[in-house]
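Below, each chain spelled out in residue letters.
Number of protein chains: 2
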Amino acid sequence: MRPRVGHIEFINCLPLYYGLVKKQVLWDVELTKDTARELSHKLMEEKLDICPIPSIEYARHWRELVLLPGLSVSCDGPVTSIFLVSKVPIHELNGRKIALTNTSRTSQVLLKIILHDKYHIESEYVESPPNLGSMLLDADAALLIGNEALAIHYKAPEGLYAYDLGVEWKALTQQKMVFAVWVARKKFAQEKLQLVRDVQHSFVDSMQYSITHVDQVAEDAARWEVFDANFLKAYFTTLRFGFDQEYQQGLMEYYRRAQALGHIAEIPELNFLEV
Amino acid sequence: MRPRVGHIEFINCLPLYYGLVKKQVLWDVELTKDTARELSHKLMEEKLDICPIPSIEYARHWRELVLLPGLSVSCDGPVTSIFLVSKVPIHELNGRKIALTNTSRTSQVLLKIILHDKYHIESEYVESPPNLGSMLLDADAALLIGNEALAIHYKAPEGLYAYDLGVEWKALTQQKMVFAVWVARKKFAQEKLQLVRDVQHSFVDSMQYSITHVDQVAEDAARWEVFDANFLKAYFTTLRFGFDQEYQQGLMEYYRRAQALGHIAEIPELNFLEV
Numbered sequence: 000m001r002p003r004v005g006h007i008e009f010i011n012c013l014p015l016y017y018g019l020v021k022k023q024v025l026w027d028v029e030l031t032k033d034t035a036r037e038l039s040h041k042l043m044e045e046k047l048d049i050c051p052i053p054s055i056e057y058a059r060h061w062r063e064l065v066l067l068p069g070l071s072v073s074c075d076g077p078v079t080s081i082f083l084v085s086k087v088p089i090h091e092l093n094g095r096k097i098a099l100t101n102t103s104r105t106s107q108v109l110l111k112i113i114l115h116d117k118y119h120i121e122s123e124y125v126e127s128p129p130n131l132g133s134m135l136l137d138a139d140a141a142l143l144i145g146n147e148a149l150a151i152h153y154k155a156p157e158g159l160y161a162y163d164l165g166v167e168w169k170a171l172t173q174q175k176m177v178f179a180v181w182v183a184r185k186k187f188a189q190e191k192l193q194l195v196r197d198v199q200h201s202f203v204d205s206m207q208y209s210i211t212h213v214d215q216v217a218e219d220a221a222r223w224e225v226f227d228a229n230f231l232k233a234y235f236t237t238l239r240f241g242f243d244q245e246y247q248q249g250l251m252e253y254y255r256r257a258q259a260l261g262h263i264a265e266i267p268e269l270n271f272l273e274v
Numbered sequence: 000m001r002p003r004v005g006h007i008e009f010i011n012c013l014p015l016y017y018g019l020v021k022k023q024v025l026w027d028v029e030l031t032k033d034t035a036r037e038l039s040h041k042l043m044e045e046k047l048d049i050c051p052i053p054s055i056e057y058a059r060h061w062r063e064l065v066l067l068p069g070l071s072v073s074c075d076g077p078v079t080s081i082f083l084v085s086k087v088p089i090h091e092l093n094g095r096k097i098a099l100t101n102t103s104r105t106s107q108v109l110l111k112i113i114l115h116d117k118y119h120i121e122s123e124y125v126e127s128p129p130n131l132g133s134m135l136l137d138a139d140a141a142l143l144i145g146n147e148a149l150a151i152h153y154k155a156p157e158g159l160y161a162y163d164l165g166v167e168w169k170a171l172t173q174q175k176m177v178f179a180v181w182v183a184r185k186k187f188a189q190e191k192l193q194l195v196r197d198v199q200h201s202f203v204d205s206m207q208y209s210i211t212h213v214d215q216v217a218e219d220a221a222r223w224e225v226f227d228a229n230f231l232k233a234y235f236t237t238l239r240f241g242f243d244q245e246y247q248q249g250l251m252e253y254y255r256r257a258q259a260l261g262h263i264a265e266i267p268e269l270n271f272l273e274v
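Here the protein sequences come in this chain order: A and B.
Following numbering that gives the first Met the number 0 from start to finish, the first sequence increments by one per residue and tops out at 274.
Following numbering that gives the first Met the number 0 from start to finish, the second sequence increments by one per residue and tops out at 274.
One chain only, chain A, in its complex shape:
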């Protein structure tokens, strides 16, 4: 049986998918595309073997998982696809209501860390589908990610303040921020070590391909996405896809702060697959 592999249907993972197609990896894996949250459910239900998951989910399930080295979705300063949009300057949000997109867990916690640790603010949070208009109907600020956030980067809404959470995180911690990591179920990795190594290798190879062919990725993606090729190229080159020491430090910093605020029960160890 081919390894059952998850892929996040999200614009920040497009470069990886492009590489998987170009490097013809899709013959050797059984790919399931879904939202990050659905994929992590399927992984924990043992319906998938290898999968990208939101950073915060790794902290919750790390004892059953191993990390694939060399691969993440991260940023080093600007991310341009995670924005807090506010009617008032960010430091005035104390006691006000903030609507959080229900499409991201990791970014929700990231926002709460930034507001607490950097601005010393306590706000009221409500979850909402990602629609800026309706979010701002009964909240003073809105957290958006993905295409909705990129649209704000593309054209800043008039009369609103917009804060890139990658920039805010870097200003607070001087660190990179890791949004998603790739993992295998530990049991699967023990039983099929070479297979997981092969997948890890193919994925890193595919990502490398996309990074070195980013013009082409952006052009081919623009055919099917709402944004134009130049904009997509700028976005894909803003994102970081590595997972070396510096990324790991940034991720651990995120976990320490998340745990201090009670969002995760414990700080996980970063257990990597041996390759």
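Any copy, or any two copies together, can satisfy a pair, since identical chains are not distinguished.
Calculated cross-link-like contacts (lysine to aspartate or glutamate; reagent style DMTMM-like; alpha-carbon spacing at most 25 Å):
#1 32 / 219
#2 232 / 27
#3 32 / 44
#4 22 / 218
#5 191 / 224
#6 46 / 224
#7 96 / 123
#8 191 / 218
#9 154 / 224
#10 185 / 33
#11 22 / 8
Keep in mind that the hints were calculated from the coordinates and are not lab data.
Using the hints provided, position chain B relative to the given structure of chain A.
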């Protein structure tokens, strides 16, 4: 939006998938893999735009569909993946119970046509999951397709009679038999004609690639399938994937006989996409 395209998770469609990977088509379609039956449901619910469907399903929904030219899953004589396995010679099955795999509609009707038109037999039919042992517990014969049928071709079960339905059909009609066709929803094809033409072209091109590289397809497939490369190569070269005049005649012959026995309400027209 990429066109939403279905792919049958079935060994007879592996060559097409291989071609789609090698020709890097998967970037330009949103692929959903499922059983033939599930795919045709999704197509009729407008959750898919382009899809392979069982021949019998085309007859039921043809007014809402257009056929993609140049592509089918067919045979010309032996098919080796659709078998009637029987405790007694086939002409002795009159009045006996036959268990039909619940994984195929087209083959169920094909068997009934063969038994009625060629052997003049009326049997009692029950549907069953595809397990030869349990099927033959309370039936005298069993219809199997796919891997279960190939296993019989690989090693004939002792003391049982096995009949290849492709051979039986050819003996009855002197025609090819078409098991699956590729279709687009008519409305989608009207709105996105060039896109559907592009997909049709890519699919025919991908299938052509696999046919000319069948050794490689069989070898790569053997890594993940239960059968060895030689066996798979023999199977893939037994199957036919074209859809010219002769295939169309064979399909119409099937429809005429299916309608005469009351399995479809009317004989469909073969409406092709203009390419």
